[in-house]
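Residue numbers (the numbering used here), protein chains in the order written: chain W, 1 to 276; chain C, 1 to 161; chain L, 1 to 616; chain B, 1 to 167; chain D, 1 to 360; chain U, 1 to 123.
Read the hints as simulated data drawn from the structure, not as lab findings.
Just so you know, even glycine gets a beta-carbon here, dropped at the ideal spot from N, CA and C.
In silico lysine-lysine, PhoX-like type, Cα no more than 20 Å apart, as pairs:
id: 1; chain 1: B; residue 1: Lys-115; chain 2: B; residue 2: Lys-69
id: 2; chain 1: B; residue 1: Lys-3; chain 2: W; residue 2: Lys-173
id: 3; chain 1: U; residue 1: Lys-55; chain 2: D; residue 2: Lys-224
id: 4; chain 1: B; residue 1: Lys-3; chain 2: D; residue 2: Lys-182
id: 5; chain 1: U; residue 1: Lys-76; chain 2: U; residue 2: Lys-102
Far from chain W by the CB rule (all over 12 Å, computed), these chain D residues:
id: 6; residue: Asp-32
id: 7; residue: Val-35
id: 8; residue: Asn-36
id: 9; residue: Glu-164
id: 10; residue: Asp-274
id: 11; residue: Glu-278
id: 12; residue: Val-283
id: 13; residue: Ile-337
What follows is each chain in one-letter form.
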Amino acid sequence: MINLLITIFAPVLGGFVFGIERIIKARMQSRIGPPVLQPFYDFFKLMDKRAYIIHSLHALMGIMYFIAEWFTLAVLLLGNDLLIAVFFHVIAVLALVIGASSVRSPYSVLGGLRELMHMISYEPLMVLMAVSFYLITGSFDIKTILSFNGYPIFQMPLVFFAFLLVIPMMLQKSPFDIAEAHQEIIGGPEIEYSGPFYEAVYTGKWIEYIYVFTFVFLFGGNHYWLGILLVIFTFIFVNLLDNSTARLDYRKMVKFSWFVLIPLAVLNIILIAMWR
Amino acid sequence: MKLNKFRKKSPWILHYNTGGCNGCDIEILASLAPKYDIERFGALNKGNPKQADILLVTGPVTKRCKDVLRRLYLQMPEPKVVVAMGACGHGGGVFRNFYHVENGVDNIIPVDVWIPGCAPRPEALIDGIVEAIEILQTKSKEKEYIRNHNEIIDKLGAKDD
Amino acid sequence: MASFVILNILIPWIFALCVYFFKKDIITNFLSFLLLPILAFLSFKIFYGNLPIYIHTSKFFDILMDIYDFGLLFFFLYVGIKHKNAYVTSLALLQITLLIIVLSILPSSSTANIYVDKLASFIYIIVALVGTPIIIYATKYMDYNEKNKHKFVAILLWFLGVMNFAVSVNNIEWFFALFETTTLASYALISFRKDKEAVNNGLLALWMNQIGGVAILIALMLMVKQNGYYYFTDILNHPKNVAIAALGFLSLSALVKGAQMPFQNWLLGAMVAPTPVSAILHSATMVKIAPYLILRIAPVIHNTLLAKLLIITTGFVFVSAAVIALTQDNFKRILAYSTISLLGLMMLTAAVGTPIAITASLILILFHAFAKGFLFIEAGILEKAFHVKYITQMKRLIEKAPLTMMFIFFGFLNMTFVPFGAFVGKWMMIEEASNFLTHGSYILLIVFVGAGSAFLSILYMKVLGISVRKAHGIENIKFIHLPKTFNFISFWYYLFLLSMAIFIAPLISNFIVSIAKHLTNYHINIYSSNLSLTINNSTLYFWQILGALIILTLIHILPYFVKFKADFVQPYNCGENHPKYLGTWDFECIKKYEPFLMAFSIALFIITVVLGGGLL
Amino acid sequence: MLKMFIESFKNLISKPQTLKYPFEPSPEPKNYRGTIFYNEELCIFCDKCENICPPGAIKFEVIDIENGKKQYNYNPYLCIYCGACVDACPKSDEGCLSQSDKRTPALGREVVKNKKLGYFINKIDNPRDFEKEWEKLEKRAKLSREKLAEHKKQQRLKKKEQIKKSN
Amino acid sequence: MGKITIPFGSQHVALPEPVSFLFDTQNEIISDVHVNLGYVHRGIEKAAITKFDYTNLAFLLTRVCGLCSITHASGYIHGLEYLLNAEISKRAEYLRMLVIELDRMHSHLLANGHVAEVVGYENLFMQTFRYREKVMEILERLTGNRVQFDYYTIGGVRRDIDLEDAKEIKKELLELKPKLEKLTEFFETDYTFGLKTKNIGKITKEMALEYGVVGPIARASGVKTDARAEYEYLPYNEIGYKLQTRKDGDVLARNLVRQDEILNSLEMCLNILDNLPEGEIKVKTKGRPKGEVFVRVEAPRGECFYYLKGNGSKIFERVRIRVPTYANLPILKDLFIGEKYSDAQAIVLSFDPCMSCTAR
Amino acid sequence: MINPQMEFIKVTLENVKETIKKWYDPNKYHYVTINATDTGEDITIDWIFSDLKEKNKIYVFRAENIGYKDFIPSIKDIVKISWLAEFELADLFGLNVQDAPKGVFLEKESIQAPLRKETKWEK
Ligand code: SF4
Ligand code: SF4
Ligand code: SF4
Ligand code: SF4
Ligand code: SF4
Ligand code: SF4
Ligand code: SF4
Ligand code: SF4
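Construct all of the structure, not just a fragment, from the sequences and the given hints.
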């Protein structure tokens, strides 16, 4: 039931998370920052803009991205398989990338290509994470994991660590905000969207927050307090990291993911597998 | 629900220097920084006409910049306001009547708010933006045209490969 | 039932002869159209008939086969000498020597020479449903300024017959003959255009595949020497006794046939031939022998070192072929690399050998056949009707060739995305592998599968990205009239793929699981209810399938129909109006690593054969 | 990276540095170079301010050629607040021309009027006309100058003639 | 097939002013560059010899560029004073140096902050600007405007500094000092910042000499050049000026040279405030400019060069401005080749380019 | 007061390249810029250098009495970066400089050769 509610209200929830994040970020930079409801103000303002598009395909892909993100979240929360949810996420990426590449704007195209590099960096790790959950709890089922009497975080610390560093890749945060790279490609895939169509992409990102933090929550097993604690910790950590690093190159990101994070996760999995 | 009240709360800015001395531009930077932090009003420096509400223009508009300025203006979705910052933006400021200067932003695109000063303080910029969002709220979503719209659109046409 | 099998094998041969001799458009077209219902009917009849079927043949056929073998090998020798190709010549000589040795030590056996089980008939179905349409397509394709249409179609027809035959033989010595026949057929097809490049590539394919032949002969020798078995059924019935080295060599021949790195070049070279050749090689025939062979021996090698090494080798190929594909700019070459990559995956899953893995492998074979056939057909249409060969030329394809673009889009979606078969295969595989994580190779497997599919997705998205790129609205789409045949074939595949995706749950749980069950004799934990698919404890719900399908369908079809009422603007270019060139990344630096990947795959290859085969 | 990590955390828990302008005032420092104020009573119409003004934000228009009566017009939006006019004004000590330390408000929905800003701005109602009107004024002022010069020349000639006549 | 042309400018978030680079890239690696730098050409040199006379020309010339407005004024007015043969008081000289050095501090902080911003290090940008605001406050208090100081005037400066202000400014500067040192440390030791800036856009000493690079860019490559040391226009040797150099010549070295100079400027400001001589702030000058003079002054970005030619009338015959970016730009074009597009922003902004003075 | 040590070296358009080539050493001298002045009838061009070691020293290679149509050689093979100043001469003075395109600074629609005395600047 609660899953259904979260799924349905994901955009709202994500908006709040995003709003809080903007404040936290501002505070870390010793600014006051926008109000909490700022994302919603943006949302309604964008609703009210005149629609400008490059062509219909592009605009459509923005909307499809939003739908796919939402659907992915539904698959994660309402289905019972982590792995499938991980694979579903690719659809959202597809919509985003196709949209980004469909316009003749170098920034958008580069953003799309960089988005692919993001995908290659986090997708295998997500699979490994799902597998390690299976290994510990004996199921890919989110409900089983949440009723697992144990502390997944303590059994898979390395996976958690790797995931902690993958989150910036998924949420486009420094040092891995490469596809969005505001100062380089001015938002990348989303640059050409405007008005109501941009809104779809914009809110799609909020849902991504919920999607990611759901995974973090799972690390608490059936100790929900731990899950919540982890979510808060991750949230703060990711923002601190965002504020204390420069943006890296996409090559560095891919290398980092492949030569540091994935081996770490694999190591952890091997250790658990042998331990059992 | 009247959506236009939200325009006031999230003005996204596109900034373009059309050949001023940079004095105004660094004040824009300063107003992003902690001391003034215009993000308090939800303002973001978007750097992208497609998602901007306020076109913040500095400088007297040199001959080479004017087409760029037009393009940026045309790429912004309505409702939009144009804020000309600094003396340059109004009649060219100290560069008035120079041979390579178009004498202010209003000669190229319709301006809604002029911020006086050379360079204006960030406070003045904030005042200007507050003024701009008031105007933004009253604007309609109808398409806005610039002088000689069709001619200019033809002139600005992009090439394909 | 036996007669059906024989008909199934012979009809393509007969039709081929007719086409070859009559050289009449009507006859060619008619026969190729006719073949589709005939083969489809026969193969389904066999599949749902009483299996397995054993057909005993008289001694006469054995001798005939031997003679045929020698004839074939001497022909290779002739080709080698004629084209002054040392590889072909020496390999042919080697094969002849080995064959003589094998024949001299071959004991006589009473096991049936032809053995058709569910796996074989499954391949029949693929040949019928995927291969035949390609021939129909070829009849039209060859009308576009190509020569020797009838000869070409005849070879294709014959090829199908050979393929059908190859998967039905039980006798490994016969299998060798047919294996080499497919080699011959591929040589004939690849060098069909007779220009220098074509002949060279044909020779390349020839000698590389000959290595596979040699491997089979060595395997035969070892097998016969160890315990005198040289029938698949015998091997399967007495798994304990079989020389693991022999199986190693058999897998080696599979790897060669499956164009696994470092032997990928012959399949890439096949590009120079008319596109139907690629289509048929990549989808229904030839390369499918590779996973077929592994599947055949899967129950025996299950859980051996050989299997694990095979997993690593093929997994490595799966990833690295996908990576190398990123650097390519020829559309057909990209498809070829993705075939190599996916063949790796198929063999990997087959080598795992657990019932679910075998199911996964079969799913992959089926879906890959359809999707790849489809894609190559579209590639051919692109080439002939739109003169597009390189992905740089694919710019604005969505406007120039909307329908073809849509089909390509769908084909690509089928290759990796949820809920299509390729995804289901991978998902099953990871689910299954998660149970065996104490084995290092299975963790690697998961990494390989995760990484490889990510790379493949990137590849497809990159290509799609270029083809949808457009400056202005997709308003003035011109549906260029393509020949009816082309459209028929395209829709044939399209609808098949679509319906297979919707009904994927029953398709798998009823159709494919039955084959896997037949192969492994285990109960398989795959069910479907209400079109939802359950594997072990995980379920792919129908609403998920449907949702994904709707989203993807919307993504690839809707652009043609949706027109937003909005103002159009130009893309942002810093306010400038530069003439601009927008390609895509060619991943230049990966090319630098290509030799390393190659070297690594060679090393893996040798390790597989040497260690896996227990030669040390 | 680590240092900044800690710094960010410190910032998070300490007070932000932001000024709450416009909700709290942020006055200009004393001596800020703000709007130029004019006091017509003290002006001797020497035109020094007009001549030195770099952008030409001060324009005197001769409205009565007979008497040589001039009107001070000032465009605070064109002004670069350099203060050169005040420096040049011989009467600035008395306060004929002075630079206040307040900013001019932005020109948006309405024109903020003030007697001290001279004639021009008090005549304009629509902010959108501002620039155009100023351009016209510039032309008018130039013309009136020429006319005045012409007039003076005529008068001088007349005087000369008168002197001649009287002689 | 890998070629993608990426426009960078004229309107781009990472660029404060209009200049346009068109990069041909291959996998984001730059293979060719086309530069268009004439966006800001307004015709100042022509105006300087027609519309403006020597009394109000300074107001125009400070608006050549907002960041080093004081430098332009100094370049012009030093030249003018030479032509008018005007000797100015010590106090005025010291006050001039005070504002020039404060201006250098704010300009350098801006440049460094901007580099931090474009490498995606938003917080470092914010911190830099937070401290820069303090300098701006001081400057505003001293001159009456935050950007266009209009502080120089013929024969001296336009405003005096009163005792109370001097004390307060000194206090603020002393407070600022540890913070700026901390900032230097951030720049110097930050790992990710180093990844984006070390060995990027490298200029060797030989290259720097060959290309005639000036200012912090040259000093970052180890070339000892600084107009403050090479050209006597203000008594810099009296207030503890030190020439700062670094060796690496990459983006990071440029930032660090600036950072060092900020600290040196801070020292100088403190010295000036301690040893402020008494005297008039402005002397009366006579006559009209006649003759020609070449002036070199050190702007934050490097050496700023003025050529003035007067013919005894109120209006000059020729005013030539050569600004540091004008000298530094040619090397920039060659520097891009082979770098990644994602580093291009940092390279451009580490030059702290000032197009409005380049094109004038 | 400043104290510039200006050293004028008279050159002609023909020998300027050789003179500079013989004299120039990037390790000793710093190229500043090229400057032109319109005297009303003809043009004076200065190639300006400064000294890296010696204080206040400025070298000026001066070519006088140059006609508006004269061909001006480029020194970009001696000083790599002189092209920018040469482009400027071509644009702002409308001179005929070796290898210099027009339009780097000026738009086509604007007035041309603005820095000549004869060009009226007010609109
Ligand atoms: S108004 Fe003044 S400070 Fe602003 S750009 Fe123009 S000249 Fe510079
Ligand atoms: S590192 Fe360079 S060559 Fe390698 S894939 Fe990336 S862009 Fe291509
Ligand atoms: S006192 Fe003033 S008004 Fe009278 S002549 Fe002198 S400058 Fe002119
Ligand atoms: S302050 Fe300067 S610009 Fe303003 S009116 Fe006075 S002289 Fe003119
Ligand atoms: S300078 Fe002073 S007195 Fe003279 S006209 Fe101007 S305001 Fe009047
Ligand atoms: S802060 Fe943004 S708008 Fe301002 S100069 Fe920097 S990039 Fe440009
Ligand atoms: S370097 Fe540029 S900004 Fe600095 S003083 Fe010189 S012209 Fe002005
Ligand atoms: S480079 Fe730009 S910011 Fe710097 S002084 Fe010149 S114009 Fe001003």
